[in-house]
Each structure stands twice: as C-alpha cells, then as structure tokens.
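Peer 1: Now for the letters of each chain:
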Amino acid sequence: MNGKTFALLVAASFALAAPAYAKDELHLYNWNNYIAPETIKRFENTCHCEVIQTYYSDNDELLAKVAAGAKGYDVMVPTSNAVQTLIRGGQLMAIDKTAIPNLKNIDAAYLNTAFDPGNRYSVPYAMSTTIIGYNDVKMKELGLPTDTWAVIFDPKYLVKVKGRVTVLDSANELFAAALKYLGYSANDVDPKHWNEAATVIRKAKPYWAAFNASSYIKELTVGNVWLVHGYSNDIFQANQDAEAAHRPFHILQGMPKEGAVLAVDNMVIQKGAPRPDLALKFINFVLVGRNSADLTNLIGSGNPNLDAMKYIKPEILKLPAVFPPKDIQAKLEQLKDLTVAQRRLRNKLWTEIKAAK
Amino acid sequence: MRKSDPWLRASALVAYAFLYVPLAIVVVYSFNDSRLNAEWVGFTLDWYRKLAGDGAMIAAAGNSLVIGISASVVSTVLGTMAGVAMHRYRLRVLPLLILAPIAIPEILTGVSLLIFFVMLNVTLGLVSVAIAHITFCIGFVAIVVRARLAGMDETLTEAARDCGASPWNAFRYVTLPLIMPGVIAGALMAFTLSIDDFVITFFTAGAGTITLPLQIYSMIKISVTPEVNAVSTLLMLLTLVLIIAAARISPTLLRSTQESTS
Numbered sequence: 009m010n011g012k013t014f015a016l017l018v019a020a021s022f023a024l025a026a027p028a029y030a031k032d033e034l035h036l037y038n039w040n041n042y043i044a045p046e047t048i049k050r051f052e053n054t055c056h057c058e059v060i061q062t063y064y065s066d067n068d069e070l071l072a073k074v075a076a077g078a079k080g081y082d083v084m085v086p087t088s089n090a091v092q093t094l095i096r097g098g099q100l101m102a103i104d105k106t107a108i109p110n111l112k113n114i115d116a117a118y119l120n121t122a123f124d125p126g127n128r129y130s131v132p133y134a135m136s137t138t139i140i141g142y143n144d145v146k147m148k149e150l151g152l153p154t155d156t157w158a159v160i161f162d163p164k165y166l167v168k169v170k171g172r173v174t175v176l177d178s179a180n181e182l183f184a185a186a187l188k189y190l191g192y193s194a195n196d197v198d199p200k201h202w203n204e205a206a207t208v209i210r211k212a213k214p215y216w217a218a219f220n221a222s223s224y225i226k227e228l229t230v231g232n233v234w235l236v237h238g239y240s241n242d243i244f245q246a247n248q249d250a251e252a253a254h255r256p257f258h259i260l261q262g263m264p265k266e267g268a269v270l271a272v273d274n275m276v277i278q279k280g281a282p283r284p285d286l287a288l289k290f291i292n293f294v295l296v297g298r299n300s301a302d303l304t305n306l307i308g309s310g311n312p313n314l315d316a317m318k319y320i321k322p323e324i325l326k327l328p329a330v331f332p333p334k335d336i337q338a339k340l341e342q343l344k345d346l347t348v349a350q351r352r353l354r355n356k357l358w359t360e361i362k363a364a365k
Numbered sequence: 067m068r069k070s071d072p073w074l075r076a077s078a079l080v081a082y083a084f085l086y087v088p089l090a091i092v093v094v095y096s097f098n099d100s101r102l103n104a105e106w107v108g109f110t111l112d113w114y115r116k117l118a119g120d121g122a123m124i125a126a127a128g129n130s131l132v133i134g135i136s137a138s139v140v141s142t143v144l145g146t147m148a149g150v151a152m153h154r155y156r157l158r159v160l161p162l163l164i165l166a167p168i169a170i171p172e173i174l175t176g177v178s179l180l181i182f183f184v185m186l187n188v189t190l191g192l193v194s195v196a197i198a199h200i201t202f203c204i205g206f207v208a209i210v211v212r213a214r215l216a217g218m219d220e221t222l223t224e225a226a227r228d229c230g231a232s233p234w235n236a237f238r239y240v241t242l243p244l245i246m247p248g249v250i251a252g253a254l255m256a257f258t259l260s261i262d263d264f265v266i267t268f269f270t271a272g273a274g275t276i277t278l279p280l281q282i283y284s285m286i287k288i289s290v291t292p293e294v295n296a297v298s299t300l301l302m303l304l305t306l307v308l309i310i311a312a313a314r315i316s317p318t319l320l321r322s323t324q325e326s327t328s
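Top line first, the protein sequences correspond to chains A and B.
The numbering used here puts the first residue of the first sequence at 9, with every later residue one more than the last.
The numbering used here puts the first residue of the second sequence at 67, with every later residue one more than the last.
Hints may be right or wrong, so weigh each one.
In silico lysine-lysine, BS3-like type, Cα no more than 27 Å apart, as pairs [stated by the list, open to error]:
1) A/K321 <-> B/K116
2) A/K362 <-> A/K213
3) B/K116 <-> A/K226
4) A/K289 <-> A/K318
5) A/K265 <-> A/K170
6) A/K321 <-> A/K339
7) A/K112 <-> A/K326
8) B/K116 <-> A/K49
9) A/K148 <-> A/K213
Think of the hints as simulated: they come from the structure by calculation, not from any bench.
My request is simple: use the sequences and hints to build the entire structure.
Peer 2: Right, dumping it as structure tokens:
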C-alpha cells in the first residue's frame, strides 16, 4: 500500500464519519429504557423531527460529562440533586413557562422543591422509590414482615433468610435506609446518627449475600435471592420477568412504614442547547397525561402527572411503592447532596463497613 | 517428539476452558428462549430477529465499525512509522512519548481529551471518538512493530541499499514485507481495542453518538437481555473471521518475501 492509498483511506474513513446536521433533531440525554418507544414515535410525528437518544446510567456520568464541557444535548433527565448541581454550575437554560402550559398537570406536591425553587430550570418527569422487594412465597413461608426496614437490618429476622438477601451497593442509599430504620431523616447529617446507622449495617452485614446494584433483578427472578433493598422500577421489572418465565412465585414491592428514599427525575434543558424550541415542545408533549402514562405502563415508574392517572393500568395504580398512600408519601424523602466534609466521613464509614468481616 | 506430559496437557485444557467456556456460554444463551440468562428453556432465533429490528443497536454497531476501521487504519500507519523510528533512532524520549498513552489511566485520557476537544471547539461525535481511539492505539501498534523489527535481519535492508534501492524503496520492498505480520497484528489489535473501548469513548462521544459498548453498558441497569448475547456472538464471529483472514494473509506474505530474498 503506498502513501496515496493510505491518504485516500484515511480521507474516506473521515468522510464517512462526518456528522450530518441537515434534519430537525432533538438530542435527548436519558437513562436507558426511560421513555416509551410509542411516545417518541408520536412526538416525531407531531414535530416532524427526529429524536436522538444518548444514554447514561448514573447521574455522576452525566455531571462529569457536562462539567467537562460536553455540548449538544437539548433535553436531559437528571435526578433532583443532580439538577441542583447543574444549576449551581450554570449548566442549565431557564425554562420558558409560557411554552409549557401542560405544567398544570403536575401534582403540586412535586413542584417548587428545595432543589429548584420555583421550577425555573426543571420539570418533574418520573420517579422511583428505594424499597423492599421480596419473593412472596418464601416470605410467607418464613412468616417475615415486608413492610419494615427491620427485615433488612434486624438479625432477629435476618437469621431466617441468611444468604438470601442483597442490598444496594450504594453508601447513600444504604445509609438512608438505615437512618430511616432508626427513625431519623434520610438526610440526617449528625455524625452520631451516622455512627448508629453504620453499627446497624455492620451487624446486619454477615446475613447479607451481597452488596448488589446490577444483577439483583435476575437473582430475584431466578429465585436465588428472596429479599432485597432495591429500586421500585427494578422490582417491578423482576416481577414481570418472573411472570414471563412462569415462576411459581411473585416478586412484590414492600413499602417500609418508616418511609423511604424518593428519587424524582426531571427534564432540564442544557445551556447552549442546539434546539431549545424543540426541547420546550418535547417537554410540553411529555407533560400530556397520555404520553406520561406510557412510561409508567412500560416500567412501573412513579408518575407526578395527575392527568396521567386515567391512562395508567389499574394494577400499577394500586402498587404502594409506585403510588404511595398519603401517609407514606409524607415520609418519603429525596436525598440531598452532601458537603465535602460529610462525604469524606461517609466514605470512611462505608470503607469500614465494606472491609469488616 | 517426546510423548506429551499428561500434566501439561491437563493444565493446557484448564487454561483453554478458562478462556473459552464463558464465551461459549454467551453464545449458547443467545439462542435461549427466555429473557433470563439463567437456565436453558428452548432453542430460538428470536433474539437475532429482535436484534435485526433494533435500530439503536444496529446504529451503535455501525458507529463502532466505522470508528474501529478508521482508528485501526490511521493508527497502523502512524504506529508503524513510530515503531520503525523507535527501532532506528535510539532516542530515549521517543518511546516515552509514544508509549505513555498506553500507561496513562484511560479515565485520564478520556477526560483530558474531552477538555481538549471542548477547548478547540471540536464537535463531539464520531470524529472525536476516532481521534481519541487513534491516540491510544498508536502505542500498541508501535510496540508490536518494534518487536517484529528487533527480530529482523538488519543486513537485508543494508543489502537493498547497497544494490541501489532508495531509502523508500528499501523500506517499501524489503522492510515492510518482512514486518507485515507485525503490522497486521497491530492493526487487528487496534481494531479490537477500539471496538471494545468504553471509558475513553464515553467521554469523547457527543450527543447522539453511541457505540456498541456504550449501548450495552447503559442496558445493564435494566438487566441484560439475550439480545446482548446475540450481538456479542456476532462480534465474536467477526473477530474470528478477521483472525483467520490475518493468519492466511501473513504467512503467504512472509513466504513470498523469503523466496524473493533467497
């Protein structure tokens, strides 16, 4: 191969790689499987544009990319505390409320939170709770309660399910659950209470099979694990899988009476978005009840849209972890970001927990 | 030849099993009629059908191929030149400069390239990813080529020069054919490294640019379906074809040069 052929090949491969910006495109930076395909199709038909999705699997990934200067996204769907970080970093474009009249569909309980007072930059999209998931047959057989964090943390119960329990591999989530179990706020920052929580976790750890954040859906469905601390969407998914595989049991959601962590994901527009006009159109479109209901029907996510309720499958509407009753709703908390000093302390406690025998 | 040691044979068997059983399981479960990768239910081609209709996955695979081919071609050219230079001019800084991108943690390369592209106002997309991949592939190609050069008989090039060949012709007709197996091995290595890179790609890919590893990784959160097994099986098949092709090309190249120089 001579120099000319090389040059041609190089030129050709770059010509192939050159991006085309001819059509109207909306760039959505989203979690995977976090919007129903039919919603996208309907939006594409009304806006005569194409929705192009890129995915992240953790808020930190999104924050890292945006902080380093990645541009080109129109709509992103970060969780509330990440929204706050993005606002502080000046990464978001203020939302023109006159362009999204459907905002009126959102339950006032989810608007005007401390993360984005007055919803200047963000609009609630969907949510999940961090709860208990369990194998109904096994829990009944063993006579264990499923409506309290005690079943995850109290050795009195754990002794019956030793090696069949997993908890999330996340310091923030696990500490929040332990703090709730002890009767504190999930956002409690008193080091004394953190030490108490760490003690609770350390005492329970020998009974847990693993700290697991990725494969517990499968483990539940297969029947290897009977009890988990996990996300409501995942447990919903596990039950669907179990039904599809004709398992002799169900994977049910248990909402702890002590309360739990609530994660609300919000639609935001990146500052410098190529198409803010399409972004606003998209947000207003998703706020239509029927479109918002698509996602809940697909993955069992919580829905802050009051207009969506009539389109949601009745069997999902009655799930307490997806649509919590009023008294539980008051006990749900969104996690706030920790300060640097607090994070250092939590990491130290977490490392000690992980290293403990 | 002596009769082979049963211990040696046993340990070779264990090593091969260790390397290939996980791959075999991935392939087997791509034909499994269940969403769970847990137990065998029955044979099906559904996951391949689903894959054929999955636009996002196919687009991601297409992007991966385009990036892989461009990264492999460009880094092979540059890496070969670097390998030859490292062999010929024994400068101490040169290997350091060329090999550093291999030693630097990927996450660092990824973040710094992203900041660099943003600074230069380069639109993040296939081109930025390809450039990033070329950056870390060059070093690998250079190492393989230099190793090949180290085993080459220097006198052959000198003989060509004595017979009046220009430096370029001596390289083109003597050195290059002799190091061709190294060059091809380097190109294949660059291709595979590019195709499965996640960290650097994650940072340098822009809105709408998804490669296969990015797509698969983002699916893990909602549990991997056998569709991922299906796409992995196809990738393995592609790699296998490439390796067989390379194995067929390089020995002939080697033989013909030996004939012509003898």
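Peer 1: Give a verdict on every hint.
Peer 2: Now the hints, each set against the structure:
At most 27 Å may separate the alpha-carbon atoms for a hinted pair to count; A/K321 and B/K116 meet this at roughly 26 Å. Between A/K362 and A/K213 the CA atoms are separated by roughly 9 Å; this keeps the pair inside 27 Å, and the hint holds. Between B/K116 and A/K226, the direct Cα distance comes to roughly 21 Å. Compliance with the 27 Å bound is thereby established for this hinted pair. Between the alpha carbons of A/K289 and A/K318 the distance comes to roughly 23 Å, so the proposed pair stays at or under 27 Å and holds.
Restraint check for A/K265 and A/K170: satisfied, since their Cα atoms lie roughly 23 Å apart, inside the 27 Å limit. This hinted pair checks out: A/K321 and A/K339 have alpha carbons roughly 25 Å apart, not beyond 27 Å. Of the supplied pair hints, the one linking A/K112 and A/K326 holds, its CA atoms being roughly 24 Å apart against a limit of 27 Å. With a CA separation close to 18 Å, the supplied pair B/K116 and A/K49 stays within the 27 Å bound.
For the suggested pair A/K148 and A/K213, the alpha carbons sit about 23 Å apart, so the restraint of at most 27 Å is met.
Checked against the numbered hints given earlier, this structure breaks none of them.
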